[in-house]
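Work out the full structure, taking the sequences as your base and the hints as a guide.
If you read the sequence shown in this note's numbering, its first letter stands for residue 5, the second for the next number, and so on.
Please note: incorrect hints may appear among the correct ones.
[Stated by the list, open to error] With a Cα cut of at most 16 Å, we get these calculated EDC-like pairs of lysine to aspartate or glutamate: (1) Lys101 with Glu161; (2) Lys101 with Glu175; (3) Lys101 with Glu54; (4) Lys101 with Asp63.
[What the hints assert, rightly or not] DEER-style ranges, computed between Cβ atoms: (5) Gly94 with Asp63: 16 to 24 Å; (6) Asp284 with Asp194: 17 to 25 Å; (7) Gly94 with Asn295: 23 to 31 Å; (8) Ala70 with Arg186: 27 to 35 Å.
Hints were generated in silico from the structure; no laboratory data involved. Predicted model only: the values in this text are computed from it and were never measured. Note that CB positions come from ideal geometry on N, CA and C, so glycine has one too.
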Amino acid sequence: MTDVPCVREGLPNFVVVGAMKAGTTSLYHYLRPHPQVFMPKIKELDFFTEGMNWERGLDWYRHQFAAAPREATALGEASTVYTKFPRYQGVAERMAKVVPHARLIYVVRHPIDRIRSHYEHRVASGAETAAMEDAVFDNPIYIDYSRYALQVEQYLEHFPREQLLIISSEELRHDRESTMRRVYGFLAVDAEYVAPTLGQEFYRTGQRRTYPPVVWSIRRALKRRFPQTKRAKELVDSLASRRKRVPVRSAAMIDEGALSSPSTGGSHDLSDEARSRLDDALRDDVARLRNYMSDTFDGWGIA
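Set out below in structure tokens:
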């Protein structure tokens with residue numbers, strides 16, 4: 005594949021589909037400065053997910069790319085919710101109907117490292133109160149979102165294999181220039197371009213402790229509902245400063261427990277027994293993932 009299909013009706017021709025806590029924020033910041041690439045200021049549009057922004061319609065989605073300059077030949081977005089099956093279903097099917105020629109990029113990470121980072125992310129936001137050893141087996145999202153082959157297979161039912169590029173966060177971190185050349189080449193843009201942001205790593209967790217968890221939940225929900233305005237932030241900042249208690253009932257927030265009380269969680273350690281259980285739960289998926297990549301993932305220690 006050398007040519008990226010022309011941007012169809014102002015819609016994206018590539019999508020970074022995940023994984024959560026695997027380096028998609030860094031990838032977004034490495035892609036965005038490229039003169040032939042356009043990505044909206046809002047990283048996660050969550051359009052193809054029912055119950056989030058799918059109901060806003062195609063005109064809303066197209067509008068997110070309206071500012072793309074003429075020289076941009078690769079239009080894309082990055083939403084990690086697109087690889088959260090089975091919690092969110094039908095994503096790949098919707099995507100294939102709207103942007104059937106889009107190229108897909110999936111960033112994977114050591115599955116247990118991703119689980120640990122996911123757990124710490126939820127603890128920091130007040131969404132998780134249990135010890136890690138209990139949480140990762142009680143809540144299926146931790147393991148499901150690290151079953152990368154399972155996620156890939158949802159897309160391969162609707163997209164040809166050559167439209168999917170899988171990279172690891174380990175290579176993105178340790179061999180950044182070479183990895184980005186692969187990504188740029190996949191998108192048929194100048195592969196020799198070196199982004200000014202390439203020497204940095206980016207995370208999405210830093211500000212999550214700025215607000216009490218319930219206030220942060222309101223802020224996140226309003227930002228998703230009104231992504232083009234600063235009014236949501238101003239409103240929640242005002243609420244936070246007044247220390248008002250605001251009742252919240254949102255399916256999207258309840259989904260990942262965002263209404264929980266503030267907590268530092270329990271122990272963040274995994275016993276050898278728990279680690280062994282996770283290895284067992286992930287082993288078959290890692291074996292299947294090897295069929296989709298040249299990487300053997302020996303460094304993951306899950307054989």
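| query | Can the suggested window of 16 to 24 Å be confirmed for the beta-carbon pair Gly94 and Asp63? | reply | 21 Å, holds
| task | Confirm or reject the claim that Gly94 and Asn295 have a C-beta distance inside 23 to 31 Å. | result | 24 Å, holds
| task | Below or equal to 16 Å on CA atoms is what counts here, so check Lys101 against Asp63. | result | With Cα atoms ~15 Å apart, Lys101 and Asp63 stay inside 16 Å; holds.
| said: Holds or violated: the 17 to 25 Å window for the beta-carbon distance between Asp284 and Asp194? | reply: 45 Å, violated
| request: Take the C-alpha atoms of Lys101 and Glu54, compute the straight-line distance between them, and say whether it is at most 16 Å. | output: 14 Å, holds
| said: Need the status of pair Lys101, Glu175: alpha-carbon distance at most 16 Å? | reply: With a Cα-Cα distance of about 32 Å, the restraint between Lys101 and Glu175 is violated, given a limit of 16 Å.
| task | Given the range 27 to 35 Å, decide if the beta-carbon distance of Ala70 to Arg186 lies inside it. | result | Given range 27 to 35 Å: holds, Cβ gap about 29 Å.
| task | With a cut-off of 16 Å on the C-alpha distance, tell me whether Lys101 and Glu161 pass. | result | 12 Å, holds
Checked against the numbered hints above, the structure breaks hints 2, 6 and satisfies the rest.
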